[in-house]
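The listed protein sequences derive, respectively, from chains H and R.
Using numbering that gives the first Met the number 0, you'd call the opening residue of the first sequence number 0 and step up by one each time.
Using numbering that gives the first Met the number 0, you'd call the opening residue of the second sequence number 0 and step up by one each time.
Calculated from the structure, these hints are not laboratory results.
We put the beta carbon where it would ideally sit given N, CA and C, even for glycine.
Heads up, some of the hints might be wrong.
If you want the footprint, here are the derived chain H segments under chain R, 3+ residues with CB under 8 Å [what the hints assert, rightly or not]:
id : region
1  : 6 to 18
2  : 25 to 36
What the simulated footprint calls covered on chain R by chain H, stretch by stretch (three residues with Cβ under 8 Å from a Cβ of chain H suffice, anywhere in the stretch; the number is not a length) [what the hints assert, rightly or not]:
id : region
3  : 17 to 24
4  : 119 to 128
For the chain H half of the interface with chain R, some residues (derived, Cβ under 10 Å), not all of them [to be verified]:
id : residue
5  : T90
6  : F121
7  : G137
8  : L139
9  : V173
10 : P178
11 : R181
12 : R183
13 : F379
14 : L380
15 : Y384
16 : R387
17 : R411
18 : S416
19 : F421
20 : W434
Residue strings, one per chain:
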Amino acid sequence: MLERSDAAFIFGSLGNLAEALGEGWSVEDNYAWAVGEESRLHLPLPGDVSRYVLRLTVQPLVHRGLRDAQRLSIDTASGPLASFRIERQTTIELALPIELTRDNRRIELILRHPDALRPSDFKQIDDRRLLSLCFMSGTLTRQSDDAFELSAEAAPLCHLVVAGGDLARQIANVMAALPVLRQRVACHFVNTYQGRGAAVPPAEVLQSAALCWEQSGGNDAAEWSGVRGMLPGDCDVRRFASPRMGALWPFLGADKRLVPELGRYGGGRYPFGDRVGASLAHLQLPDDIVRLSYEIMTEKEMPDLDALLAADRAAWRRLDAAYDINVADFIVENFRRYRLFFAPTSPSGALLRHAVEQLVAGSPIEALCDPATLRRELDFLLTGYIGRREELPIHPHVARRFGLAWWRPGMRYRWHSNHWTFEEYTLRYIRWTPWRP
Amino acid sequence: MASVSGSILIYANCQGEELLRTGTFMPSLIGRIGFKWIPLHLVTPEDWATRYGANFMADVTVLWEQVEAGPPSEHRQELHRRLPPGCQVVRFPPYNSLCLWPFSGNDPRLATDPMRYPWSDSVAAALATEDLSDDALFERYMQITTQRMPDLERRLRMDVARWQAADAMSDIQSATWVEQRFRDMKLFHTAGHLTAAPIAYMLRQLLERTTIIPRSELRRLRDEIDTLLRLHDGQDFESVPIHPLVAERLRLRFYDPDARYRWHAHEWTLREYILHYARWAPYLS
Numbered sequence: 000m001l002e003r004s005d006a007a008f009i010f011g012s013l014g015n016l017a018e019a020l021g022e023g024w025s026v027e028d029n030y031a032w033a034v035g036e037e038s039r040l041h042l043p044l045p046g047d048v049s050r051y052v053l054r055l056t057v058q059p060l061v062h063r064g065l066r067d068a069q070r071l072s073i074d075t076a077s078g079p080l081a082s083f084r085i086e087r088q089t090t091i092e093l094a095l096p097i098e099l100t101r102d103n104r105r106i107e108l109i110l111r112h113p114d115a116l117r118p119s120d121f122k123q124i125d126d127r128r129l130l131s132l133c134f135m136s137g138t139l140t141r142q143s144d145d146a147f148e149l150s151a152e153a154a155p156l157c158h159l160v161v162a163g164g165d166l167a168r169q170i171a172n173v174m175a176a177l178p179v180l181r182q183r184v185a186c187h188f189v190n191t192y193q194g195r196g197a198a199v200p201p202a203e204v205l206q207s208a209a210l211c212w213e214q215s216g217g218n219d220a221a222e223w224s225g226v227r228g229m230l231p232g233d234c235d236v237r238r239f240a241s242p243r244m245g246a247l248w249p250f251l252g253a254d255k256r257l258v259p260e261l262g263r264y265g266g267g268r269y270p271f272g273d274r275v276g277a278s279l280a281h282l283q284l285p286d287d288i289v290r291l292s293y294e295i296m297t298e299k300e301m302p303d304l305d306a307l308l309a310a311d312r313a314a315w316r317r318l319d320a321a322y323d324i325n326v327a328d329f330i331v332e333n334f335r336r337y338r339l340f341f342a343p344t345s346p347s348g349a350l351l352r353h354a355v356e357q358l359v360a361g362s363p364i365e366a367l368c369d370p371a372t373l374r375r376e377l378d379f380l381l382t383g384y385i386g387r388r389e390e391l392p393i394h395p396h397v398a399r400r401f402g403l404a405w406w407r408p409g410m411r412y413r414w415h416s417n418h419w420t421f422e423e424y425t426l427r428y429i430r431w432t433p434w435r436p
Numbered sequence: 000m001a002s003v004s005g006s007i008l009i010y011a012n013c014q015g016e017e018l019l020r021t022g023t024f025m026p027s028l029i030g031r032i033g034f035k036w037i038p039l040h041l042v043t044p045e046d047w048a049t050r051y052g053a054n055f056m057a058d059v060t061v062l063w064e065q066v067e068a069g070p071p072s073e074h075r076q077e078l079h080r081r082l083p084p085g086c087q088v089v090r091f092p093p094y095n096s097l098c099l100w101p102f103s104g105n106d107p108r109l110a111t112d113p114m115r116y117p118w119s120d121s122v123a124a125a126l127a128t129e130d131l132s133d134d135a136l137f138e139r140y141m142q143i144t145t146q147r148m149p150d151l152e153r154r155l156r157m158d159v160a161r162w163q164a165a166d167a168m169s170d171i172q173s174a175t176w177v178e179q180r181f182r183d184m185k186l187f188h189t190a191g192h193l194t195a196a197p198i199a200y201m202l203r204q205l206l207e208r209t210t211i212i213p214r215s216e217l218r219r220l221r222d223e224i225d226t227l228l229r230l231h232d233g234q235d236f237e238s239v240p241i242h243p244l245v246a247e248r249l250r251l252r253f254y255d256p257d258a259r260y261r262w263h264a265h266e267w268t269l270r271e272y273i274l275h276y277a278r279w280a281p282y283l284s
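From just these sequences and the hints, can you work out the full model?
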């Protein structure tokens, strides 16, 4: 028996059941109390021939030593439907008789609640209403014995293994979240960058996997190579790599202060080194002088950005030649118009979307769903994606030199739960200032 | 640098975790004062037997205790029974605001999936089963919420009354501070989750009343809180957008109609949030 929710009911004056509440209710903003011993509910129905189940979330009025539970029986004009004993917030469920729902637009339910209490009898308040159950919300769910009536495109489950590091994890998260692939594709992420001990899917999953997407780098030393051998011979294996962009951050370099600080900054306090910033770390000068020094030094030492971009482009082309997805043209054509990298190896939603589309294209997944729906869901899922929340600020000179359309002066960058401008980040970096995640 | 002075135990809801996380990153306190947190909304009877035994309590010299309405719960009584002798207790109020999200009523989907969108919106929930385009759904949402907008001044008065009642039970007061500032700066991400400003305010007050902290250090500690939190977003992992009519009716001067609100690994506008919420759409964490 499959189900599909056909209506959501919200009790209370701000909800959508105002016209359905007959006698025996005390309505507040977000809920309705059943008062007295009987309440009437004129529940709207779709008026078709389906069978329906009604679920209602209710909270009983109980008081230790006085009333441990509230009884509730639900009747129709034809007779009793169900009865409950309710001790705590509960979602009750009752199947509505088909003879009362078929082609009807409404059903009248008689709710009997004989254990009502007056709050004023056990609390220092002036509420003398005779209350029993607080009705909060509900659903009306159509039931069907025919699987294809509710899920016309049911298909066998296809196992997808995504192996690799952070990019693979993000791709796996996207694939697992897409509604169009639910009950069609089961996605399994294997963190090969953790080395031995990384959780791997059960053998039966690996042995029946139809697809494997494998991120390069870090795999060799891990147990992945052994696990990979369990994949079936006809498994569609695609390899990809995480593209890196260095041209947007031309001063990346080592900083001897960068060490793991256990319990606070496991990957180091500021994991992206800035060689100019590091060289100013020893200065005991006021903030504005330090900022000015950084500005002067970076202006003087600014590398040839076109050469850096050319080097990035060459590296992307090498990835394109070595692996199964193409990124070079996409990045070159779009990095000025859209933000594609939050940090040198952190893709934005746009780049992540491109990678997923490339991996899906021509794979067995395309046969399992409507590609247009998949693209639409990808757009919806990746709306406003902020990734790992480590946005490495971009030097204003670099942004202007490349003509980044998405950049603006004074732009704030997210660093975990902080929002810093380029200048604020740089000063904090030079000072090696502690920050709170 | 003075020697280790023991641990500060925070008994509070998730706002206590923010105090702990900030305190843990304050350079002057590292290696001297530890922070521990018992989440009052999550603690179970088993926790007292397994996690919060004698060893846990041994070095506690100060309790920062968040107050609650009503008689003391069994957990709170158990906590007090276990405090070491001489432990200083500083009581502080919780912060919360119901008036900023007037449609946080019921959603039947929470009965089976309580964590996906835990900050309910009853109007969006009621639209969930209607077959509408994105534009039509959002337009309908704005239409209904505009028609049904409750008396927000009354809701605000109820919030203020709760803040004052919590203050009356506490050693630290916040009602006036919140009331004077909530129109000018964003203080709440959700009904119970805070931005950094109220966290900083509360932490400063708590440290000032904590006797193991030398008075001579208070200024430096205030500076450290400022460094850590001035540009921090606080408990922003779930930030529920504010309705423009709420901003107008409550005269929220900080309100930006184009603001984006963080939701786990996303930042959404009000429209994007409502569409995702109504459709109960999956998101990335």
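With a cut-off of 10 Å on the beta carbons, see whether H/R387 makes it to chain R. holds, 8 Å
At a threshold of 10 Å, is the proposed contact between H/Y384 and chain R supported by beta-carbon distances? holds, 6 Å
Counting residues of the region 6 to 18 of chain H with a beta carbon closer than 8 Å to any beta carbon of chain R, are there 3 or more? holds (count 10)
Does the nearest C-beta of chain R fall within a distance shorter than 10 Å of the C-beta of H/F421? violated, 13 Å
Taking the least C-beta to C-beta distance, is H/S416 closer than 10 Å to chain R? holds, 5 Å
Residue hint H/W434, partner chain R, criterion CB-CB below 10 Å: holds, 7 Å
Given H/V173 was flagged as interface, is its beta-carbon under 10 Å from a beta-carbon of chain R? holds, 7 Å
Evaluation of the interface hint that places H/G137 against chain R, nearest CB under 10 Å: holds, 6 Å
Does H/L139 hold up as a contact with chain R if the rule is Cβ-Cβ below 10 Å? This hint holds: H/L139 lies near chain R, its Cβ roughly 9 Å from the closest one there, short of 10 Å.
Are there three or more residues in the region 25 to 36 of chain H whose C-beta lies within less than 8 Å of some C-beta in chain R? holds (count 3)
When the nearest CB of chain R is found for H/P178, is that gap smaller than 10 Å? With a closest approach of 7 Å, the H/P178 hint holds.
Closest C-beta approach of H/F379 to chain R relative to 10 Å, hint status: It holds, given that the least Cβ distance between H/F379 and chain R is near 6 Å, below 10 Å.
Hint compliance for this structure: hints 6, 12 and 19 are broken, all remaining hints hold.
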